[in-house]
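Asks: This is what each chain is made of:
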Amino acid sequence: MNKLLTRRQVIGGMSVLSLGVLAGCGDSNKLSFKYGKDLSDKIAGRTFKLKDPQGNVKTLSSFRGTMPMVFFGFTQCPAVCPTALARAAQIKKLMGPDGDTLQVIFITVDPERDKPEMLDAYVKAFDPSFVALYGTLEETAATAKEFGVFYEKIPTGDTYTMSHTATSYVYDTRGVLRLGLSHSLSAQQCTEDLLTVMEVC
Amino acid sequence: MNFDRPKTFLKHALLGLSLLGVAAQASAQTVVEDAWVRATVPGQASTGAFMSVTASADSKLLEVQSPVARIVQIHQSSMKDDVMSMQEVTSVALPAGQPVVMDPSSYHVMLINLVGQVKEGDKVPLTLVVEDGKGVKQSIAVEATARALNAPDHGSMHDHSKMH
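Those sequence lines, one after another, are chains A and B.
Read left to right, the first sequence gives residues 1 to 201 (the working numbering).
Read left to right, the second sequence gives residues 1001 to 1164 (the working numbering).
Hints may be right or wrong, so weigh each one.
Chain A is nowhere near these chain B residues, computed Cβ spacing over 10 Å in every case [said to hold, decoys possible]:
id, residue
1, Pro1042
2, Ala1045
3, Ile1071
4, Ser1077
5, Pro1125
In silico DSS-like links for lysine-lysine, alpha-carbon gap of 27 Å or less [claimed, not checked]:
id, chain 1, residue 1, chain 2, residue 2
6, A, Lys37, A, Lys58
7, A, Lys42, B, Lys1080
8, A, Lys30, B, Lys1080
9, A, Lys124, B, Lys1119
10, B, Lys1137, A, Lys115
11, A, Lys124, B, Lys1137
12, A, Lys93, B, Lys1123
Stretches of chain B that chain A covers, calculated by requiring three or more beta carbons in the stretch to come under 8 Å of a beta carbon on chain A [claimed, not checked]:
id, region
13, 1053 to 1060
14, 1127 to 1137
In short, the hints are calculated from the structure, not lab data.
Even for Gly, the Cβ is constructed at its ideal location relative to N, Cα and C.
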């Protein structure tokens, strides 16, 4: 009796631990990337709740089945944001048919100035499939905190610009955070690592 | 454009610079090349202007003016731990004969509170105010072409700069 219970408990425990295997996905907790940073042991982005420009509430699970690549920025950003979005568009092309799985998500760190309609036009200028998300100041702060993303306003004369983390965060199709892509990587380098994520699940 | 003539002239002059010393005998000249502005979507409040600036004598870029924006500032981008930071700067040093590349990853011109949308192909007037070592100020008028919003930031000038 005792033995049986123990065995049951063990089996129960194992099945929780190896859900990934049962779901037919790779069982590795860690992934080895050539260029990016493995974030498989980090939990981030599980609870964010933001709106798309049409006003629909979006969470990470809204993008289930796709491979979300999340980037934080703002439209008045002259450098890193258009460059990162242009890179994302290029990555999507380089991935070929697999590129359809990639879902680029741009979260504004400047919701006071990035109004929905303009924000939508901005990201869609790079690729019509790209999605922009925004929140209140509090929601934005909470989301950034969850990702470990830094951002701050830098006053310049009568206006301000923003400093922010330029990392792109990639999830696998089950919503498990996998990969951090630095801004310095090329589209080609990112694509190689993204295809590694795709092999997992 | 009367701008093109001195530009072409100086380009040629620079090629033979070591032999002729043309730049030395003329008053300080500043050449601006590959000037471009990133196009915007309607309602977007600001954008960046990028170019390569070469002064014949040690000079400083003090300010940039443009009718397309209510505020024009010179910013410097810097990257640390994958955090991109921006700072407004009061001037940009232009060492004699060295092209200073103003691109999204370093110094660039911010056109803030745009008066209207900047569309791809638009000619955006920019005036650069440059001061030479003697304190003589010079205004250089440039027409920057608006490139698509999704244009890659690393143009030919960037690759060129790597050669130095």
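Asks: The structure should be examined with respect to each hint, and the outcome stated for every one.
Replies: Hints, verified against the model:
no., hint, in the structure
1, Pro1042, "7 Å, violated"
2, Ala1045, "6 Å, violated"
3, Ile1071, "6 Å, violated"
4, Ser1077, "5 Å, violated"
5, Pro1125, "18 Å, holds"
6, A:Lys37 <-> A:Lys58, "26 Å, holds"
7, A:Lys42 <-> B:Lys1080, "22 Å, holds"
8, A:Lys30 <-> B:Lys1080, "26 Å, holds"
9, A:Lys124 <-> B:Lys1119, "15 Å, holds"
10, B:Lys1137 <-> A:Lys115, "41 Å, violated"
11, A:Lys124 <-> B:Lys1137, "43 Å, violated"
12, A:Lys93 <-> B:Lys1123, "30 Å, violated"
13, 1053 to 1060, "violated (count 0)"
14, 1127 to 1137, "violated (count 0)"
Going through the hint list in order, the structure does not satisfy hints 1, 2, 3, 4, 10, 11, 12, 13 and 14.
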